[in-house]
Structures are given as C-alpha cells and as structure tokens.
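Colleague: Here's the letter readout for the chains.
There are 6 protein chains.
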Amino acid sequence: MKSGVIAIAYETVTDARGGLPLLAPMSEVAGRMAIQVGAHCLEKEQGGTGILLGGVPGVPAAKVVILGGGVSGTNAARMAMGVEAYVTVIDKSLPRLYELDMQFGAQLHTLFSTVENIEREVIAADLLIGAVLVPGAAAPKLVSRELVRAMRPGSVIVDIAIDQGGCCETSRPTTHAAPTYVEEGVVHYCVTNMPGAVARTSAVALNNATLPFVEAIADKGWRRALADDPHLRDGLNVSRGRVTHPAVARDLGLSLTSAERAIAE
Amino acid sequence: MKSGVIAIAYETVTDARGGLPLLAPMSEVAGRMAIQVGAHCLEKEQGGTGILLGGVPGVPAAKVVILGGGVSGTNAARMAMGVEAYVTVIDKSLPRLYELDMQFGAQLHTLFSTVENIEREVIAADLLIGAVLVPGAAAPKLVSRELVRAMRPGSVIVDIAIDQGGCCETSRPTTHAAPTYVEEGVVHYCVTNMPGAVARTSAVALNNATLPFVEAIADKGWRRALADDPHLRDGLNVSRGRVTHPAVARDLGLSLTSAERAIAE
Amino acid sequence: MKSGVIAIAYETVTDARGGLPLLAPMSEVAGRMAIQVGAHCLEKEQGGTGILLGGVPGVPAAKVVILGGGVSGTNAARMAMGVEAYVTVIDKSLPRLYELDMQFGAQLHTLFSTVENIEREVIAADLLIGAVLVPGAAAPKLVSRELVRAMRPGSVIVDIAIDQGGCCETSRPTTHAAPTYVEEGVVHYCVTNMPGAVARTSAVALNNATLPFVEAIADKGWRRALADDPHLRDGLNVSRGRVTHPAVARDLGLSLTSAERAIAE
Amino acid sequence: MKSGVIAIAYETVTDARGGLPLLAPMSEVAGRMAIQVGAHCLEKEQGGTGILLGGVPGVPAAKVVILGGGVSGTNAARMAMGVEAYVTVIDKSLPRLYELDMQFGAQLHTLFSTVENIEREVIAADLLIGAVLVPGAAAPKLVSRELVRAMRPGSVIVDIAIDQGGCCETSRPTTHAAPTYVEEGVVHYCVTNMPGAVARTSAVALNNATLPFVEAIADKGWRRALADDPHLRDGLNVSRGRVTHPAVARDLGLSLTSAERAIAE
Amino acid sequence: MKSGVIAIAYETVTDARGGLPLLAPMSEVAGRMAIQVGAHCLEKEQGGTGILLGGVPGVPAAKVVILGGGVSGTNAARMAMGVEAYVTVIDKSLPRLYELDMQFGAQLHTLFSTVENIEREVIAADLLIGAVLVPGAAAPKLVSRELVRAMRPGSVIVDIAIDQGGCCETSRPTTHAAPTYVEEGVVHYCVTNMPGAVARTSAVALNNATLPFVEAIADKGWRRALADDPHLRDGLNVSRGRVTHPAVARDLGLSLTSAERAIAE
Amino acid sequence: MKSGVIAIAYETVTDARGGLPLLAPMSEVAGRMAIQVGAHCLEKEQGGTGILLGGVPGVPAAKVVILGGGVSGTNAARMAMGVEAYVTVIDKSLPRLYELDMQFGAQLHTLFSTVENIEREVIAADLLIGAVLVPGAAAPKLVSRELVRAMRPGSVIVDIAIDQGGCCETSRPTTHAAPTYVEEGVVHYCVTNMPGAVARTSAVALNNATLPFVEAIADKGWRRALADDPHLRDGLNVSRGRVTHPAVARDLGLSLTSAERAIAE
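Protein chains in written order, with the numbering used here: chain A, 1 to 265; chain B, 266 to 530; chain C, 531 to 795; chain D, 796 to 1060; chain E, 1061 to 1325; chain F, 1326 to 1590.
One should not assume that every hint holds.
Computed list of lysine-lysine pairs in BS3-like fashion (alpha-carbon distance at most 27 Å, straight line) [as the list claims (entries may be wrong)]:
hint, chain 1, residue 1, chain 2, residue 2
1, D, Lys-1015, D, Lys-797
2, C, Lys-750, C, Lys-532
3, C, Lys-622, E, Lys-1280
4, A, Lys-141, C, Lys-750
5, D, Lys-1015, F, Lys-1417
6, E, Lys-1152, E, Lys-1201
7, B, Lys-406, B, Lys-267
8, A, Lys-44, F, Lys-1369
9, E, Lys-1152, A, Lys-220
10, D, Lys-887, D, Lys-839
11, E, Lys-1062, C, Lys-671
12, E, Lys-1152, D, Lys-839
13, A, Lys-141, A, Lys-92
14, B, Lys-357, F, Lys-1545
15, D, Lys-839, B, Lys-485
16, E, Lys-1201, A, Lys-220
17, F, Lys-1466, D, Lys-1015
18, B, Lys-485, D, Lys-936
19, F, Lys-1466, B, Lys-406
20, A, Lys-2, A, Lys-220
21, B, Lys-406, B, Lys-357
22, F, Lys-1327, F, Lys-1466
23, C, Lys-574, B, Lys-309
24, C, Lys-750, A, Lys-92
25, F, Lys-1466, F, Lys-1417
26, C, Lys-622, C, Lys-574
27, E, Lys-1280, E, Lys-1062
Think of the hints as simulated: they come from the structure by calculation, not from any bench.
Okay, chain A solo, but in the shape it has when bound (with noise of 0.2 Å):
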C-alpha cells in the first residue's frame, strides 16, 4: 500500500448480474477437471476402488453426486455425462435445478438439498464432488466426517471448495505435487489452485477475460477506464495508499476511501 499502487484485484470485479466475470473462467476450468482427477483417484494404484467411471457394456457405471449447481458444479457434471457416469446435482435452488433439467435432459439427475437427500446420496457416491461455493464466504460443511466415513472405502472426494475451505469437514488443502491423502478411508483431492494443472488453457482463459478490461485501462488510462466502468470500478482495492474496497477495509481494519473519490483525485 505505501508503494502508491493502484491495485484491481481479480476478484471484486463484478458484472451486471452481480456475478464475478473473472472468476468464473477457472471455476470452468476447475468443474471440467474435476472429473478426470476423480477418475484417475479412483484408480487402483491411487487408492481407489478401482472403478471406471462409465463402466462398459454389462457392468454399472459409477456414481457421481455434485454438491451444487454453479458453474463448477455445472461443468462438472456436463463431463461426468460425457464419460456416462451416473450423474446427480444436488442444489437448495429450485429454479435452477429446473434451469439444469431443461439444459441437460433425463441423462442428469437433479435432487432437491435436503439433509436425507445428501446423506443418501453421499453414502452412495462413488466420486463426489464438493462445488458449493459461496462468493467471498467459507464453503458450508455439508458433508461431515461421519458421513465420509460412511461411504464405501476406497471411494473419492474432490472438493473444488477447498479455496474456501472446503464442503467435507474432512477436506484439507493439498498440492499438486501431493494432491491427495486418504481420510476415514475415503480418498481426498483438495489441490488448491486446481487450474494450475492446465496451466496452457487456465492462462488462455484468463486472458480472454481479462483482455476488455486491460484495452479500456491502456485506451483510457486508468482513472477514465474506472470511472466509466462501475464493474470494474468494483475491482479497485487500494489506490495510492487508501484501501477503497469496503471488504478489505473492514478485515484490515482501516478507513474506506470511496473508489469513486480516490478516481476523481
């Protein structure tokens, strides 16, 4: 802050339906991967029961249940239906379980978030993947230790929640160097930064949306490009020494610059 930076953090900048514009492209990223690092966790060698997601002619597929209907939750699914998983989304939204039946038909199971449905559910879930995320808010503890060890051993967790803490009180942050580790007899891959695995296609994605937002900072110069643009003007957290964003101010404990004052200096 005493460097005089003008600091725009990836994640205040808004959109007009208050979603956060440059988050979503790695919540993409982190839905469709999911899936392939479930089903390589499920694999004998990485401690899993050794079943293979879509299962072949004659023999079961597995169980995939997601906890949310998001972005994440939704490209998550879309891939677990690609490799013709089993495939439930449980959500406390109804329109949006409504949303998600229109778009995906008969072949995605959409389930109402009650406590019996997650508990029936999770018990039996060969991979389940934890995508409730609540912007700028811990993830809610859906999914207790007691229910983790009532799931078949062997079978897998990821929690793409972890960033926030996670949705399993089981869920603990890992790396990608040792992503995973086995809890009450359950495997757990909680790698923070998922993207960083494709880093190629994260960057690209990233750029993409960055990109309007760094032409009008390098057409209008920052102040302009601020003040027309209340979106990204969300984004401003510190301006030559004045914190402007409420958040940062009131978890640091120090006065709030309005953006708009701290543009117009």
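Given the coordinates of chain A, work out where chains B, C, D, E and F should sit on it, guided by the hints.
Modeller: For chains B, C, D, E and F alone, coordinates are given in the frame of chain A:
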C-alpha cells in the same frame, strides 16, 4: 383341414436371419405400449404407488427394469428413456448389450443377466417389463413369486411375454376389458394381444409386413409364390388336408408332408 | 377467518420474476402427465382411435398439438417428443417460441398463434393438449365447439387448463374416478388436480418448493419471515380476521388491510 | 479392346456383402449434395416457392420426401434433418426402415412404400428426392407425370437416380452448366454426375476407396492382385482383347472369357 | 412527410430487452440461409473450391468460421452444424460464448475475439460468415483485404452484415440476380435483403412479428395503441409532418417533436 | 502340460463372427481408460502441455487422434467426444469409417488411413491413442520415431497396443507403478494390462463374458461342453499332455492333436 384350405400361419413365416418378420411389428407395438400402460398402472387410482416415471426437476425419476433386450424390450427401453425414467435392460447376451450401449449411449443402463443382478434390480424397480421371449417356446420364469413379494407395494409389472406364459411366476393372462390385477401387492398388467389396444397402428404395421407376401401370392398364384420364396413356404402349415409344418404335425400327432411336395402336387 | 388463523395461500406466493413458485411444480407434473393420460385415452378401450403416439417404423406417428408453451405446455411437449410423436406447440409469444426452438431444435414444431394456425392444427390433431394458463384469470376459450366437432372421431383432448375453466368450449371438470367423457365424438380428459394421480411425486415436488418458506417461518416466526420476504408476504391472505390480499378482499367484498400493516400489529 | 488394355471398371468391383464399394462414396456425396441443391432450387430466383427448408421459430419447416432409404437416400435424409426440415423416407424394405428408425429416432419419419403413401407424400412435398437406385438396372418410375402435376407449383425434384434414368417420369438429364428446368410447374434438378460439383471432396473419397486395390496391383502386379481378390476380379471387364465380364459380353454381343482364365493365361 | 402520414418504422420498434423484435425474424432467416448459399458458392461451377461442407466418411469436413454469435450468427452456426461442417463462432462477449457452449455443446467451437484468433481462423476457413451486426451502426471491418488475400482461392465469404456495410473490406452489395463476385480469389456473396430469396418463409415470419402491433392499432386506433405501448411508440418516425424519432431528425437536420406529444395532439 | 491339465485359453476362444469374445471386454475397458489416463498425462505435473481436453468456452479444445477404429479405438473415441475434445479416428477400412460416421455423426471426424493423413494428424495431436490391434500379430509400427519427434513437446501418447508391441516406434512397456516416460519430448503411457487399474470394473466385465462358458462346463462337464460348442473348443490349448491348438504347437515345436480327438478320448 377337411375344407381343403391352404393355411399359411403368420407366426411361422421366416426371414433370412432366422427371424419372424410377421411377428416383429407386433413386438415393436407391444414394447412401445408397455411403457404407457405401465405409467398408467402406476397412477394412484389404478392401485399404483403414484409415481411419475420421469419425475420432475428435484424429484427422482422412477426405475424401469426391462428383462430382455430383443425387439420388444428395446422398444420399451426407448419409450422409457423418452419419458425420462431411469432405465435398465438386463440381457444374457453380451453382444446384444454392446449393441444397445452403442445405440443408446449412457442414458441406457445395460446389465448382464445373472441371478444376483435380476434380484437386485427387480426389487428396486418401480416398473418391471417382462420382455423375455423365446420364439416357439414358453417364456422362462425369471421372476419368482418371492421376488415379486419383495417388490415395493404398488409397483407394477407389465408382462409382454404373457402370450408365451409370461416371465413372472405371478403372471396370468388378462384382457383389455379387465387388464390388471394385484398380486403380492404388485399391480400386474398381463393383457394378451396388447397391440389390439392400438388397433389402427397395429393394422397398418401388420399390413406393411404382409403386403410383399400378399402381392407375391396375388401376382403368381400361391403355388409359384411359395415355390419361389422359402421364407413364405415356411409359413405353410396345412395344404388341402395335409399338414406341412413339422411342429404342427408333431403337436397334433399327424403325419407330415413336406411343403415342397405339397406345393408340387 | 373468525378462527384468527394466519392463512398463507400457495397460489399467491410470488417470486422475483413475477412467477408463482409454489404452483410451478404442479404445472410440471400436470404437463408431463398429460401425455401419458392422452396416450391412454387414445386406446380403443377408452374410446380413442387406437393409435400409438410414436407409431412404429413404417407407420406414421400421431400428431400432438399443444396450445401454450409455458411450464405445463413445455413439459407436455418434452414428454410427447420423448414418446416420438409429431409435436407442435402453438404460442402467441414469438420470443417464447424462439426459446423453445433453441431448447428443443428441429424435433419440436413451433407455430405462432393465429386463428388459422389453431384451426388447421386442432383439426389435424390426434391428441390436443390445452395448456393455456393465465395466472389468476379464466383460461381463454381458444377451441370452439365447432372446432372440436371438426376433429377426427376418437381423437383426444387433455385440458390442463380445466382448473381455470379450460381452454375448450366443450371442457367440463372431471375426477380421477371418472376422468373422461366423449363430446362431439372426441374423448375429453379434464381432471381437476391432475397431479393427484401421481401423489408421491407431487408431494415431494411440493415439499421441495415450500421447504425454504417453511424453514424461514420455523426459524424466525411468521411475523419476521413475512416481514423479511416480500414474496412470502404476497402469500398472506388472511391474518387474524383481516383480509390482507387485494383479490380476496375484492372477491369477497371485504375491506382490505395491507399485509405490511397486519404483520406489524 | 484392340489396344490390349487390361480394363477394370469401377462400377463392377464388388464387396463381401454384394455391394459396390467404389460407387458407395459417390452415392454418399450425391445424397448429401441433394439437399443443398434442393434448398437452392427452392429460392425464388431459381423458380422455387421461396421456402426455407428449416423454417424459423413460429413458421413451419418444409417437407422433404425421400424415395429410397439406401446409401444416397440415407445421406440425403441426414442432411435434411440437419437443416431442420420435416423429413420422410419411403422404402419398400421394412427391415431397412427399422434400421433407419433405430439410427435416427423420432426426427426421421419412415413410411412403408405403398402407392397411397407415395401419392400422398409426393403431393405434400416441398422437396422431393429421388434416391431409388437398383444397381445395374433402370430406376423404377415411381412418380408419374400426373403426380408431378399434382405437386405445388414451385416445388422441387432432385432426381439422384438420373444416371439410371431417374425415378420420375418427368426427369431428363441436365448438366452443371444448366442444372434445372421446369416441367409441370415443378423445378427439376437432374444433373448427371452430381459429385462433380464438389470435385475436391469427391476425388478424395474416390481415392480412398480405390487405394487398397491400386496398392495391391502396384505391389503384386495385376495378375496376382486379381487372382488373390475375387472382388477386384469382378471388376475386370476386358483383358487383352477379350471380354471377361458377362454383362459387357452380353450387351455387346461378344463372346465371354472367364476372368479366371484370362488372368491365368 | 407532407402527406400527413403516420409512419412507423420496423427497424426502430423496440422490446423490453432493448432488442428489435421486428428485425429478429429477418436475422434468423438470413443466418439460416447463409449456409445454404455458402454451400452453393463452394461448388465448382460457382467458382468455389468444390468442397462439400460436411465431407463424407474418411474425408474431412469443411471449416466454417462465423464472425459474431448474435441472432444471425447463431442461426448460421446451427445450420452449419446441421450439415456437419466443422464450425467455429468468434465473439467478443465471453458470456455469449458461454451461452452458445451450453446450448450446443462440443460440436460448436467457440473462440474469443482477438486479432490473432480472427486471422488464424479466417485464413483456415473454407466458408466465412460475416455476422457482426451492431444495431444502428456500420458493421466493424474485422476482415481486411490482406486477410481475404491470404484465404485459399475458391473459398467463400457470405457477408450477412452487408446491409450495414459488411464486415469485410472487400464486401460490396450484390443482388439476387447477380449474387456473387470474386475478389482476391475469394467468392463473395453479399446480397442485400437475403431473406427475399425465401420470400414465403420471410413473409410469414414478419407477419407473425408484426401481428400483435397491427392488431393493437386496428383495435384501439393508432393513437391509443402508441400511447399504451412504449415499444411501438419507439417505432413512430413521422407523424403528420413532424419528425418524432431522434435519429431521423438528426440525420435529416429537422426539428424533433417527441412521440408522446405528437400522439397527444 | 505334464500335470495332465485341461487348459482353455481366454485369448483363443472365438465367436460366430471370428471375434474373440473374452478379450472384447478388456478392449472396451482399455479404450475408455485411455482418455482418462491421457487427460491426466497432459497435466503440467505429469510433464504434459497443461491443456484441458475439452477446453472451455472461448478456448479451443485439444486434438485427440486415434489410430484404429476397432473396439478399443471406438471406446476411446466415445470418451474423448464425451469430454468434448476434437476427435479424429483414422482407420484403413472405409466400411468401418462409414459405420462410425453413422454411429457418432458430425462430432467424430473420420479419416482414411494414408501416410499423409497419419503424419499430418499425429503432428497436430495433443493426445495420440494407439489402438491398432491385429489379433494374434504384432501391432504395425504406424508412428515412427521421427514422427514422434515432430510432435509438440509435452504432447501425450497412450499406446493401447503395447501388449502386442505398440504401434509407435518409441513405445516400450511400463507398469501401473511407473506408468509413463518421456521420449522425444512426448509423454508416453504404455502400461501393459491397463484394465488392472480399474480392477473392479474389469473383473465384473470378464466374469460376464466367461460365465456362459463356465456354466456350460459346470453343467455338462468339460468334455460335453467342448464337444457342443466349437467356439469354446477353439479355446482348448492343452489336454492331458497333448497340445491341441495349432499356433501353440507351431510356436513350441510340438506335435498337434486335434481338439475334437482330444475330447473324444
């Protein structure tokens, strides 16, 4: 037989692959109908559990289990997938399961026919379709009374194989006027001649199948038509007082005249 | 009212888009059911023409015409396509037809609602689904008695809009015990409360929809829950002897107390 | 023949199923092209009715009727479904219709070939594709002049069978330079050698099909290659002055030498 | 203007989302047509490379590149996928690409609009569709003459944006009578008013879109209809000698009367 | 052999079409697994390029090239399409390519096997699957070391054919414990017995395939079972000290006793 009639039986005309081309359309009709009658029987008023085959977003679909992946079983599976049920076909031929898997992809669950698989699936079924037909033989009793008793009360069995005795121990023939009965708590639909309910569709389907043979007989006379076409000749059962089909002769204890000879006379 | 009850009516709770979230699941159920009851009514034994909705190879499918492309119409269309009928949806909103076209592609035929289009399609229909529902108003009578008379004898009308009077001049309410009658040669299915036939599915669907409101009331008490949530507040019809919903007050000729004020007391 | 040439004709090389593998790629190309030329002919400027095959939301699609469900008919059907027309294939083989139905599902309408079906469908067609090809024989004239006259003015006929005389009474060969003419008010496209219009695609397709034979001849010499492969041998028409193909000998009134003997000399 | 006419212009009527509902159907038609005219232009006789868009088994499909993922671009993409080409849509809106990806899945390739992406894809394209339309503004010239020169000779450009100047530097308006010209070795199809070629479909589509407005004017009189509906009012350009649309007034240098006032007079 | 054992070898049991029914399920498993191991190898941490097979909206998918369209190649293609990669299958049989094209439509790119096609596609591949298996023979070395060298560094080869020597010059057998190595900059996964990684799925698949034979032997005794079933008899390799399979006798230089005779003794 005394009337001197030339009798050609639909059910013994063959085709180049050993199939029965004049029966196939009726198997298609019965298979497709099986799902609509099953859906109807599941309604509360009919004694069913009151479950909708496809569910709705957030509510699970019903489980449809189909015994046999032949013509009628495949057509039943297709309709059941169409109404978005969770559909499993059990067959004892792996190559047939492979074909079904290639045909329908992940939406259809294929399972190899073992005693364990049949038991587990039948018990879990909301709607069970019996479609195990062995041409010219009694259907195998794959589902015992005990297994029916283990099904959920209000579940439904549609036994397409009823014309050949049915493939459930509890199946007995019914009519379109009184199509169902409840036994061991399970609603049974065992109407013989199911295609009669959709007579208009069935009549056209049957006409299409018989037309080439009818035209051949009309054009060439029955003698020439039967002489030219071995498959049609297989259909000849009685010719001017003589029995020309081995199975008929055997079942009635009459002496057999070869079809070739009967035609030549 | 004298009992001092706090009455919240399902059908007046709203959502952010002006929809009726507690009615939507029942529209989904009714729409999906409409095809299975229509298929059943087309059977010979029920007075129908004896046509199978999807036909079989070489035999044409039946024509299903759906008036209205809202929630129930869309769900009916989806099931009708699933059983491989020839399906046309008629709606007066071009943007809605565009959405349906994008959703379902070439398999669904979309048609703009004009008098000519309705007449031509209704006359050609084997199965007509009335799904024109205007929330809180009588359904428009789009199909006159003359038009019904022009339909093929044995054709079927399923009028989902019957709870609001039906959209055919010949429609009158029936029950699950006696669901159909024939008028002008056409089988009418006009059961009010269609979802009752699949009570198990309907109950879960309704519970899912109401659960968030029930939890809010249980957690916060009705007063706070209604104060916090304007959509739930729209559902308040009667509060300790006072009428709080404009339509109810108007229809009963009673004086109106605003919901806000009733809560605050 | 006097030149002593060894002449192998594409159109008489056979395969194990009695097909003509060197002609199949050209049937695929012609079938797929038939829809794009048909769409073009339907434009106003070309004399067509000015209808877009797939319609748009709210406006009906055009009717495409395809006579014959063989290689070219199937490929035409696939493209016609692709552009979202309403597509009907008429064929006289029920097993073939069953295959097409399994292949394409409800989007393709299959109809058994009867005089009534042909008449009704041709009259209703916006675009009629003639794809009835009998190898080595004149195409049957399924569509009479009167039937063409009964079609809507500005409708279009693309007669792929023109190389074998066409399957419409009004068809006569045209060229890529002047591809169409109007007769009985209907635009006819009857270009012989349709694949020439997409020469680049056709050349590669043909090379693929001939390559294995060319390689065999190059590797082993023609004598050995023909001796080893009975299908290639079927292609031998003339060998150093002697006619070796029965049909050629018959049509030209020359004496026949068996291919085996010609090779052995 | 002197005639005292009340002039409502199709292209300035708006809808609730800021769209232009009376232009959308024409964009749909043009987008769908673009592929059939492009396929035609690729034929040898038209100067094209002689490539079939969908290829055949064993022979690669053509590459179709679509600039712009709006209404016309999306409809073009859908038809191009339908004829089994390899299709890429380039758009500068990531949310739009996400929608297209959800809509069409893996068969459609979506690419973010950068200078590098456009260059690489245009050079590789067999068929380039220009579908970048900015309502009420000249289309941006995304494709320079040099880039056209770098395309394969015989490739094809269909510039749907030609009514607004086209999005290629080499595009200039043509007519249905002489629809194409070759420039830099590339066939250009730049017909203004493309939908005129399928006049029958276009007329119905346009009638559907205008009907609600026409009915409102017929029922209520123009004054009341325009007073009630702000979107229709946006269409009022001239009212009894006064200019009521800002853009018209500005472009013609005339004084502006507000529509509200003109109606009230 | 001295033990007097009756040895039936899985890999020599045949079926009616000349296939190897006890090997097919393992080819299915290996083919489906190939994509998940390939996706894993493409991750940065494994030495791959860090590309996600399916990309995300706006970012291109990876190219998967599959050599061979048999059972394992087809299953690999299906999974690769499922994860939304750009998939090309190269095969030297045009009829097989036609089948694959009919099966999978436009999403699968089929290419005829020529030297040029293989070179161009392998160089462009992100993931190369070797699935060229000739039963009972060494796999052909379709990919030379030079060609591997021309691939992008960090690309991946999964050589399913490794059990028969592999179809790349650079392939050498690896194990599940150390599944990959890098050669010429390309990550190679050449695990023999790939299905071992998903042992649970593989075991069930294999049991399904062998069950009918096991039951026959259990029911009838080995002698009768082998006498009745020529396909099972083909599996007999050694019978009480005598070699009964031609290939085994030839390879070991032992004298051959016919299976029929060995059974009869």
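Colleague: If a hint holds in the structure, say so; if it doesn't, say that too.
Modeller: Hints and how they fare:
no., hint, verdict
1, Lys-1015(D) <-> Lys-797(D), "holds, 25 Å"
2, Lys-750(C) <-> Lys-532(C), "holds, 25 Å"
3, Lys-622(C) <-> Lys-1280(E), "holds, 19 Å"
4, Lys-141(A) <-> Lys-750(C), "holds, 22 Å"
5, Lys-1015(D) <-> Lys-1417(F), "holds, 19 Å"
6, Lys-1152(E) <-> Lys-1201(E), "holds, 14 Å"
7, Lys-406(B) <-> Lys-267(B), "violated, 38 Å"
8, Lys-44(A) <-> Lys-1369(F), "holds, 22 Å"
9, Lys-1152(E) <-> Lys-220(A), "holds, 19 Å"
10, Lys-887(D) <-> Lys-839(D), "violated, 34 Å"
11, Lys-1062(E) <-> Lys-671(C), "violated, 45 Å"
12, Lys-1152(E) <-> Lys-839(D), "violated, 35 Å"
13, Lys-141(A) <-> Lys-92(A), "holds, 14 Å"
14, Lys-357(B) <-> Lys-1545(F), "holds, 19 Å"
15, Lys-839(D) <-> Lys-485(B), "violated, 49 Å"
16, Lys-1201(E) <-> Lys-220(A), "holds, 22 Å"
17, Lys-1466(F) <-> Lys-1015(D), "holds, 22 Å"
18, Lys-485(B) <-> Lys-936(D), "holds, 22 Å"
19, Lys-1466(F) <-> Lys-406(B), "violated, 52 Å"
20, Lys-2(A) <-> Lys-220(A), "holds, 25 Å"
21, Lys-406(B) <-> Lys-357(B), "holds, 14 Å"
22, Lys-1327(F) <-> Lys-1466(F), "violated, 38 Å"
23, Lys-574(C) <-> Lys-309(B), "holds, 22 Å"
24, Lys-750(C) <-> Lys-92(A), "holds, 19 Å"
25, Lys-1466(F) <-> Lys-1417(F), "holds, 14 Å"
26, Lys-622(C) <-> Lys-574(C), "violated, 34 Å"
27, Lys-1280(E) <-> Lys-1062(E), "holds, 25 Å"
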